[in-house]
Amino acid sequence: MAQPGVAQPGVAQPGVAQPGVTQPGASQPGPLAVAGADPGSPDGELPISLFSSHRPRLRGRAGTVASTLSTVAMIGLIVALVASNAAGPFRNGFLNLHQMWIAFVGDPSRGILSVGKGFVLNIWLSLVCEAIVLVLALGIASLRLTREPVLLPFRALAIAYTDFARGVPVILVMLWVGFGVPSLNLRGVSSQSPVVYAGFVLVFSYSAYVAEVYRAGLLSVPRAQIQAARSLGLSSRTTLYRVVLPQAVRNVLPALLNDFTSLQKDTAIVSTLGVAEAVHSAQIAGGVEFNYSGFTIASILFLLITIPLTRYTDRIMNRDRNRRLAGTTA
Amino acid sequence: MTVDRNLGDDTGRRLPESGGTDALAAVDPDAADASTDRLTAGEGDGDGLAAGDRSPVLRAAGVHKSFGALEVLKGVDLTMRPHDVVCLIGSSGSGKSTLLRCCNLLERIEGGTIELFGHDLADERVDEDLVRRHTGMVFQSFNLFPHLRVLDNVTLAPRRVLGLQRKDAEDRARGLLQRIGLGDKAQEYPDRLSRGQQQRVAIVRSLAMQPRLLLLDEVTSALDPELVAEVLDLVGELARQGMTMLIATHEMGFAREVADTVCFLEGGVIVESGPPERIFGDPTEPATRRFLQRIFDAGRL
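Protein chains in written order, with our numbering: chain A, 1 to 330; chain B, 1 to 301.
Source of the hints: derived by calculation from the structure; they are not laboratory data.
Fair warning: there could be bad hints in the mix.
[Unchecked claim] Cβ pair distances, simulated, as ranges: (1) A/316 <-> B/297: 48 to 58 Å; (2) A/160 <-> B/70: 31 to 41 Å; (3) A/163 <-> B/229: 25 to 35 Å; (4) B/194 <-> A/49: 41 to 51 Å; (5) A/246 <-> B/181: 50 to 60 Å; (6) A/311 <-> B/110: 38 to 48 Å; (7) B/77 <-> A/147: 51 to 61 Å; (8) B/174 <-> A/159: 27 to 37 Å.
Glycine included, C-beta positions come from ideal geometry on N, C-alpha and C.
Start from the sequences, fold in the hints, and give me the full structure.
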């Protein structure tokens, strides 16, 4: 390593690098300059150091002590901030336990809807929508992957749909459908409950995302797997359901769970249509009480669902990675 | 989830059990009763193989196949009778694999004819799923289903295609796995097995369908040298039991040992074919001599 660097002074210097006439831009080392070629190292000896230039990481007992100290310091800082006099309005406005309780159970006499009851609707909506999305998206993905000539226009339609649904904000579609469709005065269509419009919009938007996830999964299954299955006499349908789809879903399960978490959160957008779900109820409570602790309790409810879901997703991802690593050594 | 049980008039049809005999393969020609070897869906009763029939299992004539501008098969003729073991040799790209894949309709031929069990594969009444049900295929890269345990890999097709009950299919699979010494691996996932074990499971997976013809596509080419023997031993045992096999292989010693007929392919045609003693001992065609000389020089013969 040191060789080229040491030899450099003897080599004819390129014009720019003349000592004394160094230009401002020429200070960075050229391709020949070698980091280890400091003047202190004797010729021919490789200046290799195994000592880290960084402070060594604390290990064992020292590490435990260090992590405990830093954690305590962090928690202390947060408690000090929240408990300080200056944070009084924040505590009262956002973290008021009494107000949280009022928002959570509701108070019909003053028109306050229950955030708790509303959240049940959020959960129902996300579960029903997810079930429909999982089926519908698979159809869309299969349509995009088919090479059947008759289905060509449908394939084009599927592409146009996924582009549109993924490219437009969910809230925009929500407003469009939620307020637009009733104004059309279509028999049977325009007179539905806002929950139905909301569900339709969520399914519409998320089917596009999930279809793309499925498509990636289906493409990740090697063609040889399909040929092996067909060679055993399995029909194309059985091959899809028993061989391709299980592998495809396994490969994209984390992505599917991610999208489900997202869908769960986006049920909050339904509040724009005035549906009495958690966020809308919290809004009402906030307006009546002039206190926004209702939003806090709504957030907590969402987190109670989404955090376990994301942890579960992480676990599955790790398990998959470990299995793949085990597979390579076999 | 809907499962394809659309087996039509074949639902009630069971391949004869090989239980009782200790054969891996259904070798009994009597087992080939007329109802099991029919390939065309629909009518056509009574045109199957009669007991002891020596009429060809496979008859290829003037087979042509191209991939784009590349003509891979340029008129291949080949006839196989029951219990024949035919080895295809030749350098990579000579068309061995393509010929195998045409025989179970993974590829469609463009010229000539392939007849399987007396049926022209070009006949539009031929159901490709029925062709493949009676024709086992083992691949170079095993292609076991990674999401299924070994046992389920073996029972999938018997259950879904032949309509066997889970218990019957598992009994059959366990029997086969035990015979190849992998009975204790039934509950493992394929990635826990060595590559040699995986390939043997892949062969058993084909055998569980009790095929009338087994196509082996360079089944040892993806194996470490020390694992080749266990797979070749299994194939050799099948040959001794009378399984009809068409084998593409680079293992010349193995071909010499098990084949009834060796076919040397070059440039998409069978240049020379005959019994192994003649092909390896006294080949007449210069191309065959050159090929075998190269193999010999590489120390592989």
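Cross-check of the supplied hints:
1. A/316 <-> B/297: 48 to 58 Å: holds, 53 Å
2. A/160 <-> B/70: 31 to 41 Å: Hint holds: Cβ distance 37 Å, inside 31 to 41 Å.
3. A/163 <-> B/229: 25 to 35 Å: violated, 56 Å
4. B/194 <-> A/49: 41 to 51 Å: holds, 44 Å
5. A/246 <-> B/181: 50 to 60 Å: violated, 28 Å
6. A/311 <-> B/110: 38 to 48 Å: For residue 311 of chain A and residue 110 of chain B the Cβ distance comes to about 56 Å; the hint is violated.
7. B/77 <-> A/147: 51 to 61 Å: violated, 33 Å
8. B/174 <-> A/159: 27 to 37 Å: The hint (27 to 37 Å, Cβ to Cβ) is violated, given that residue 174 of chain B and residue 159 of chain A are roughly 48 Å apart.
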